[in-house]
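First residue of the first sequence: 1, per the numbering used here; consecutive thereafter.
What the hints contain is simulated information worked out from the structure, not anything from laboratory work. Check the hints yourself; a few may be wrong.
To be verified - Below, simulated PhoX-like cross-link-like pairs (lysine-lysine); rule was C-alpha separation at most 25 Å, straight line: (1) K764 - K722; (2) K446 - K480; (3) K340 - K350; (4) K877 - K888; (5) K833 - K877.
Here the structure is a predicted model, which is why all the values come from computation and not from measurement.
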Amino acid sequence: MKTKELDKIYNPKAVEEKWSKYCLEKELFKADADSKKPPFSMVIPPPNVTGSLHMGHALNNTLQDILARYKRMRGFDVLWVPGTDHAGIATQNVVEKKLHAEGVDRHKLGRSKFIERVWKWKEESGGAIIHQLKRLGASCDWSREQFTMSPELSRAVVEVFVRLYEEGLIYRDERLINWCPRCLTALSDIEVEHEEVLGKLYYIRYRLADVLTSQPLNLSTSIIEYLTVATTRPETMLGDTAVAVHPQDERYNKFIGKEVLLPLTSRRIPVIGDSILVDLEFGTGAVKITPAHDFNDFEAGNRHGLKRIAIFNERAHIKPDIPDVDPEVIKEILDLHAHKARERVIHILKEKGFLTKVEDHKHAIGKCYRCKTVIEPYLSPQWYVKVKPLSDEAMKAVEHGRTKIVPQGWENTYFEWMRNIKDWCISRQIWWGHQIPAWYCIKCNKNEIYEVHGEKNFTAKARPVVSRTEPKTCPTCGGKEIVRDNDVLDTWFSSALWPFSTLGWPDRTKELSRYYPTSALITGFDIIFFWVARMMMVGLKFMNDVPFRDVYIHALVRDAEGQKMSKSKGNVIDPLVIMDKYGTDAFRFTLSAMAAQGRDIKLAEERIEGYRNFCNKIWNLARFTLMNIQESGVRSQKSEVEYSLADKWILTRLNAAVREVTVALETYRFNDAANSIYQFIWHELCDWYVELIKGDLRGENGEERKKTAQYILVKVLKDSLKLLHPMMPFITEEIWDVLPIEEGARGKGQWAGGKSIMQQPFPKASEDYPDAEKEMNSLMEAIKAIRNIRSEMNIAPSATIEAICYSADATVRALLTSEERYIKTLAKVSDLKISAPADRPENAAVAIAGSVEIFVPLKGLINFYEEEKRLARDLEKVMKDLEGVQRKLSDENFLARAPKEVVEKDKIRVEELLQKKAKLEEGLERIKRIKSGNQAH
RNA sequence: GGGCGGAUAGCUCAGUUGGGAGAGCGCAGCCCUUACAAGGCUGAGGUCACAGGUUCAAUCCCUGUUCCGCCUACCA
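Put together the whole structure using the sequences plus the hints.
Next up, the structure:
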């Protein structure tokens with residue numbers, strides 16, 4: 001059989017396509033609910049069905065996949081549930097945009113036709129992200145792909161809704177809510193993004209009703225004829241129904257109970273005292289109250305029984321029927337959007353002398369998190385979840401450690417939000433989503449009906465019938481005319497059920513009992529509130545147990561400058577482009593290596609390039625290995641008697657890597673795992689071990705030695721690939737496929753006689769050889785010292801040299817002697833002398849490595865000036881270290897109080913440094929002597 | 001306004017029980033040495049933001065200051 005030659009450079013594309021296809025066809029990612037193995041389960045944070053893979057997804061799913069693959073190799077039956085959510089608003093926007101291009105709108109189409117269109121869109125173009133996740137290598141159980149709008153999951157949604165309603169945890173009420181005038185729907189509090197802007201504070205005078213008003217307004221008058229209010233939203237004054245002052249404010253409290261004339265209207269509104277709303281220090285100390293358009297004013301209105309006058313329609317345009325407003329004014333602003341109306345109102349107020357002052361003012365405005373439109377507080381009937389009883393349980397679960405949040409710092413964020421939680425507005429005025437299972441009897445609610453777009457809507461006073469199935473008749477009056485509530489549920493409502501609805505709930509499935517609670521949830525901090533907190537609440541409520549044991553919160557991916565990536569900034573890095581350019585493995589490894597806990601990831605392409613190089617390094621390691629083993633494969637080897645020092649050393653270092661990677665993955669320290677494996681493969685296995693055994697592999701040290709070296713090389717490579725596999729699934733699979741399985745057998749592709757690397761057990765640390773490790777370290781030090789001399793003395797890399805090693809330590813001499821071939825090979829030494837300290841050669845560069853004094857005779861080639869500089873530099877460094885340690889050791893307090901191991905260590909160190917110092921000084925002396933001798937000639 | 005996090009090599013960042021400061025990239029020098037130039041060898045570079053405190057010992061713990069981020073909040 002011919003040895004398979006690998007290409008000189010790793011080509012990810014073909015490899016990824018091949019294995020991706022193969023693993024999917026063979027269904028290697030499937031969980032087995034009947035398995036005897038212990039379960040490990042995760043649910044994917046479902047991406048929007050409209051979405052395409054961005055950096056956040058890539059990081060999130062890479063980390064999940066690393067865990068999934070690791071746990072699989074550790075012998076777990078891994079279930080990783082994939083799927084998408086229906087993304088109510090976003091999806092509806094997409095389809096509406098398409099309709100718009102066709103010249104249709106959804107109202108013309110009608111609700112059911114529209115929903116059909118959305119489903120059609122979903123089938124055709126939805127879920128592109130699923131393919132992209134597969135491309136990323138995500139080893140989800142694709143046979144269990146879920147969708148929040150599927151009939152099964154919809155059933156769970158209805159069930160949860162009805163039960164919560166029956167328990168009084170869901171109710172309907174009319175109050176101010178956050179309204180997006182573009183999406184035309186209510187939003188929950190957390191769907192509003194606050195943004196600080198520099199706005200204006202407008203001062204407007206409201207004339208007191210009971211003061212003589214016959215004379216023209218005189219701005220310089222000292223008699224108080226008016227109250228001046230300050231506002232950021234002058235246009236809402238048309239909806240004012242009171243002015244508030246602080247009851248303790250001596251400037252104004254005499255006006256409480258009086259009335260003012262609202263400018264631009266014929267409305268008289270009361271002056272009221274309210275200590276909650278009014279801050280004495282701010283503005284003028286007098287506040288206009290617009291209960292229908294401001295959350296604080298709404299509350300104040302409730303406290304004082306004020307009327308609510310809405311001045312905007314659902315698109316935040318001025319309504320025609322605002323009571324009391326001057327018709328001239330209405331004519332000017334009718335149907336203007338709020339911000340246009342503001343300009344007009346200010347203009348009119350100014351003209352009429354009501355506007356007294358305008359100043360800059362920083363304040364926050366709310367924007368729709370989907371479309372960035374400025375949100376408008378809007379009065380309407382909505383459905384709410386009463387969350388306090390649920391959040392109490394959810395807090396306890398984390399307090400008691402039933403769910404662990406990693407890194408722990410995020411617990412504060414979680415608790416903080418849970419403590420201040422407000423009822424959750426769950427109804428949305430859109431069509432795509434789970435329609436609320438509530439119906440209204442026309443007869444019973446005939447006074448509560450109002451029409452919007454020809455649809456019947458019901459006020460908060462209407463009495464709904466909430467039911468799992470559509471009622472045929474009204475349970476109260478038997479009436480047959482029944483209308484369903486138009487609203488749909490917040491998409492996050494269905495996401496909250498994801499960890500159990502995807503496992504078959506409300507049925508008591510095998511999966512549910514086996515995989516719930518899930519083992520871990522991996523997600524970004526930006527959806528702790530949206531998703532994690534709500535899953536906790538709902539999971540505890542309906543499953544009586546937490547939805548997951550661990551929550552690992554990872555960072556956000558930013559660009560190299562630390563900016564959040566966004567399309568508008570144009571700084572997005574497309575993961576698909578990156579994967580094309582550098583390969584998926586390199587990309588995944590980069591994300592893993594940069595996923596340090598508690599810090600955002602600044603992604604720079606150079607970093608990815610570096611790990612692409614690492615892939616190539618691994619590839620060439622494999623290539624080298626294949627070139628150096630028997631075509632018949634490698635013998636199996638159990639006995640360690642034939643292990644060389646290098647063999648024992650690399651096995652020991654491998655063990656260290658195995659331990660580090662294992663601990664790191666168990667504790668979600670993905671960057672540590674990546675760095676350990678990188679360090680090991682590149683800087684220990686490739687840089688040292690491979691170089692050390694090249695002679696062995698060439699047969700220079702006998703056939704036995706050759707076979708053993710081959711065996712160890714293959715073993716270490718295979719274990720390295722296994723360690724690496726969770727992070728780099730493709731390249732490891734490809735190499736695994738061509739490596740020898742056992743004695744006499746080689747990989748022939750597609751695991752002839754073997755299995756996929758993902759089905760292999762994760763490496764376990766075997767026997768350590770601590771002595772070999774120490775000895776190897778001494779040798780490496782000596783080799784590095786000689787290399788240093790070579791470089792500093794400008795000896796051509798191709799030239800061989802002579803070296804003399806003196807050591808007073810017989811053990812060390814024995815080591816150097818028995819392993820001299822390593823020094824000769826790696827330091828390119830042709831003539832190596834090892835002995836007890838004797839006469840120091842004169843024309844030689846010198847270096848100290850541990851107890852070994854190394855001389856490189858340079859017969860006239862030596863640059864004394866350079867050598868002196870080099871030695872002086874080394875000496876200086878040693879002196880500095882020595883000084884530090886000696887100072888410590890001369891401190892009685894240190895000797896008395898520090899642990900004796902620490903003191904002992906420092907004492908040994910001083911000894912070593914003193915020795916080194918003496919030798920360097922000697923060397924320096926010699927150089928100086930020679931130099932002066934040379935000069936004398 | 002409240003809360004959280006960060007400040008370590010030119011850049012991006014590690015540094016978990018306080019005990020000789022690390023990596024990657026970049027930079028400089030020398031090398032196409034038959035696994036790999038997407039490579040090898042060598043090297044330069046840090047008062048660990050600042051000021052105090054605790055300790056025999058502080059990059060690490062405590063306090064304060066400065067400068068950055070982020071989250072959160074109804075001061076009109």
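Tested hints:
1. K764 - K722: holds, 10 Å
2. K446 - K480: holds, 14 Å
3. K340 - K350: The hint holds at about 16 Å.
4. K877 - K888: Between K877 and K888 the Cα gap is close to 17 Å, so the pair holds against 25 Å.
5. K833 - K877: Distance of about 28 Å is beyond 25 Å: violated.
When each numbered hint is compared with the structure, a violation occurs for hint 5 only.
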